[in-house]
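Chemist: One line per chain: the protein sequences are A and B, in this order.
In terms of this note's numbering, the first sequence opens at residue 36 and continues consecutively.
In terms of this note's numbering, the second sequence opens at residue 7 and continues consecutively.
If you are wondering where the hints come from, they were derived from the structure by calculation, not from laboratory data.
Any given hint could be a false lead.
Pair by pair, the computed Cβ-Cβ distance ranges are [said to hold, decoys possible]:
1. A:293 to B:119: 31 to 37 Å
2. B:124 to A:176: 31 to 37 Å
3. B:13 to A:207: 27 to 33 Å
4. B:147 to A:183: 32 to 38 Å
5. B:127 to A:300: 30 to 36 Å
6. A:207 to B:227: 39 to 45 Å
7. A:139 to B:119: 52 to 58 Å
8. B:196 to A:109: 45 to 51 Å
9. A:106 to B:75: 54 to 60 Å
10. B:14 to A:204: 25 to 31 Å
11. A:128 to B:19: 26 to 32 Å
12. A:204 to B:119: 22 to 28 Å
13. B:75 to A:135: 44 to 50 Å
Here are the simulated lysine-lysine pairs, DSS-like style, with alpha carbons at most 27 Å apart [to be verified]:
14. A:70 to A:299
15. A:298 to A:70
16. A:113 to A:70
17. A:113 to A:204
18. B:140 to A:298
19. A:115 to A:204
20. B:81 to A:299
21. A:70 to B:140
22. A:204 to B:81
23. A:204 to A:70
24. A:115 to A:70
Virtual Cβ for every residue (Gly too), placed ideally from N, Cα, C.
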Amino acid sequence: MHALFAYGFLQRAFLAGVFVAVACAVLGVFLVLRKDAMIGHGLSHIAFAGVALGLFLNVLPLAAALAVSVAAALAMVKLKDRAGLHGDTAIGIFSSLGLAVGILLASLARGFNVELMSYLFGDVLAIEPLEVWLSVGLAAAVLGAVRLNYGKLLFMTFDRESARAAGIKVGRLDALLMVLTAVTVVLGMKVAGILLVAALVVIPAAAGLQAAASFRTAIAASALVAVVAVAGGLAASLALNIPASAAIVALCFLAFVLLFLLKKGRSGPQAGA
Amino acid sequence: MSLVALRNVSFSYDGAPVLVDVDLAIEEGDFLAIIGPNGSGKTTLVKIILGLLRPTAGRVEIFGCAPAQFAARDKIGYVPQKATHIDAYFPASVAEVVGMALLAGGRRARLPGREARQRVREALEIVGLAEFAKAAIGRLSGGQQQRVFIARALVTRPRILFLDEPTTGVDAETQTAFYDLLGRLNRSRNLTIVLVTHDIGVVNRHVNRVACVNQRLVYHGDHEGFCRSDAFREMIGHGNHLVSHEH
Numbered sequence: 036m037h038a039l040f041a042y043g044f045l046q047r048a049f050l051a052g053v054f055v056a057v058a059c060a061v062l063g064v065f066l067v068l069r070k071d072a073m074i075g076h077g078l079s080h081i082a083f084a085g086v087a088l089g090l091f092l093n094v095l096p097l098a099a100a101l102a103v104s105v106a107a108a109l110a111m112v113k114l115k116d117r118a119g120l121h122g123d124t125a126i127g128i129f130s131s132l133g134l135a136v137g138i139l140l141a142s143l144a145r146g147f148n149v150e151l152m153s154y155l156f157g158d159v160l161a162i163e164p165l166e167v168w169l170s171v172g173l174a175a176a177v178l179g180a181v182r183l184n185y186g187k188l189l190f191m192t193f194d195r196e197s198a199r200a201a202g203i204k205v206g207r208l209d210a211l212l213m214v215l216t217a218v219t220v221v222l223g224m225k226v227a228g229i230l231l232v233a234a235l236v237v238i239p240a241a242a243g244l245q246a247a248a249s250f251r252t253a254i255a256a257s258a259l260v261a262v263v264a265v266a267g268g269l270a271a272s273l274a275l276n277i278p279a280s281a282a283i284v285a286l287c288f289l290a291f292v293l294l295f296l297l298k299k300g301r302s303g304p305q306a307g308a
Numbered sequence: 007m008s009l010v011a012l013r014n015v016s017f018s019y020d021g022a023p024v025l026v027d028v029d030l031a032i033e034e035g036d037f038l039a040i041i042g043p044n045g046s047g048k049t050t051l052v053k054i055i056l057g058l059l060r061p062t063a064g065r066v067e068i069f070g071c072a073p074a075q076f077a078a079r080d081k082i083g084y085v086p087q088k089a090t091h092i093d094a095y096f097p098a099s100v101a102e103v104v105g106m107a108l109l110a111g112g113r114r115a116r117l118p119g120r121e122a123r124q125r126v127r128e129a130l131e132i133v134g135l136a137e138f139a140k141a142a143i144g145r146l147s148g149g150q151q152q153r154v155f156i157a158r159a160l161v162t163r164p165r166i167l168f169l170d171e172p173t174t175g176v177d178a179e180t181q182t183a184f185y186d187l188l189g190r191l192n193r194s195r196n197l198t199i200v201l202v203t204h205d206i207g208v209v210n211r212h213v214n215r216v217a218c219v220n221q222r223l224v225y226h227g228d229h230e231g232f233c234r235s236d237a238f239r240e241m242i243g244h245g246n247h248l249v250s251h252e253h
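Isolated chain A (complex conformation):
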């Protein structure tokens, strides 16, 4: 393992993978508890439209995906508020639209090429140095924003009405959470691919939640699952010649099952409130 890390491409993959997966996991804990777990799925489909737009206009696909996903995330928050839609309806509308626009643009840009495929299925071992620094920088900024707003996000997630009464601007915080998620999902495309990035948001968080008696433990456990899955997934990918994205997600699921069984064995079924 130590010798493997002498390879530059592996160092880059590990660095980008860990930062992005930890950001996904941390945001995932808030999203899962808000019952917004599918937002990652919806935003990844929108990011597909962004990538296709980037390829069509010949601009950096990651930048185009960032712009489109952040705009769509804010539009979803507004639509949910104004149209009185449930969260998953807005996600359903935007994810289908994202996919449709992506397919249209890809066909206009003369079909699905290798680059588009690398975004669909992820190709973290082929990540470029520029993409690594962009991923690390933005993921660190996302984690910093969560750290700054940690107390407010926790209060709002636990008890929205009391948080409002305590003076927290929950609408602004919703928008912030959605924008951070959009940025993180776009970064996750290179690690896990558009088709699997939602798993990085949901599964480490769901696994961490199995282990936790406090919110801080839930966040730490989810982040740890993400780090172990990225390290193990990259190693498995090289050793067994399998796709890294699928290996990472499979390891996340394995961690979820292990922590679930551990919790079940330790405490038995939990009583309701």
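Fit chain B to the supplied structure of chain A, relying on the hints for placement.
Modeler: The following block gives chain B in isolation, referenced to the frame of chain A:
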């Protein structure tokens, strides 16, 4: 100056009137029960005072400010309706739940870690749950959870505490202990308490002021006057719960 003042406040939802022309003042030291039948606008009234709903007409002041401009939110404690209907699987310790209220302000307004922990401990001691600080909130009984929410409302050392039907789904014995705790907080700490309830029994035990709401404010005054009022007889007529007077 009254802590809370409402003048000619009305509220309608989709054109249907919920509150009509309500005038109400809440003074320092009051233990006020807001009572009325189901759907009479009690919860709406509290939400308007807190700024969670905007009245369709009239003026509201809390500590002399309009609710939307009122920034010193640490002066208010709030325990919403169904506070105890929380997600049993939410991974928060009791100390984390209580401490949430201290994290609501901007970073500059925040207490240093040691002082915040001290405040949380103090609030949990008041409600008799200090030894549960590290327990997961979902593991506590309904009555204990309710005391945790009171602790969260007290942790900022508020001057006024709002509670909306806080004992729904809690057994009678726990309810009695809970209202005794509120009575002590009101008397020993001069904490102003506003309690929304449809249980007239509570009114008889601890409160000193009563506001009876049924779209309009049909009675506002002291407890003895309420017991002699038409509003009281009407409430009894609606089958609301009554227990004996225990002053």
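Chemist: The structure should be examined with respect to each hint, and the outcome stated for every one.
Modeler: Now for the hints, and whether the structure bears them out:
no.	hint	result
1	A:293 to B:119: 31 to 37 Å	holds (33 Å)
2	B:124 to A:176: 31 to 37 Å	holds (33 Å)
3	B:13 to A:207: 27 to 33 Å	holds (30 Å)
4	B:147 to A:183: 32 to 38 Å	holds (35 Å)
5	B:127 to A:300: 30 to 36 Å	holds (33 Å)
6	A:207 to B:227: 39 to 45 Å	holds (41 Å)
7	A:139 to B:119: 52 to 58 Å	holds (53 Å)
8	B:196 to A:109: 45 to 51 Å	holds (46 Å)
9	A:106 to B:75: 54 to 60 Å	violated (32 Å)
10	B:14 to A:204: 25 to 31 Å	holds (28 Å)
11	A:128 to B:19: 26 to 32 Å	holds (27 Å)
12	A:204 to B:119: 22 to 28 Å	holds (24 Å)
13	B:75 to A:135: 44 to 50 Å	holds (45 Å)
14	A:70 to A:299	holds (22 Å)
15	A:298 to A:70	holds (21 Å)
16	A:113 to A:70	holds (18 Å)
17	A:113 to A:204	holds (15 Å)
18	B:140 to A:298	holds (18 Å)
19	A:115 to A:204	holds (16 Å)
20	B:81 to A:299	violated (43 Å)
21	A:70 to B:140	holds (25 Å)
22	A:204 to B:81	holds (17 Å)
23	A:204 to A:70	holds (20 Å)
24	A:115 to A:70	holds (14 Å)
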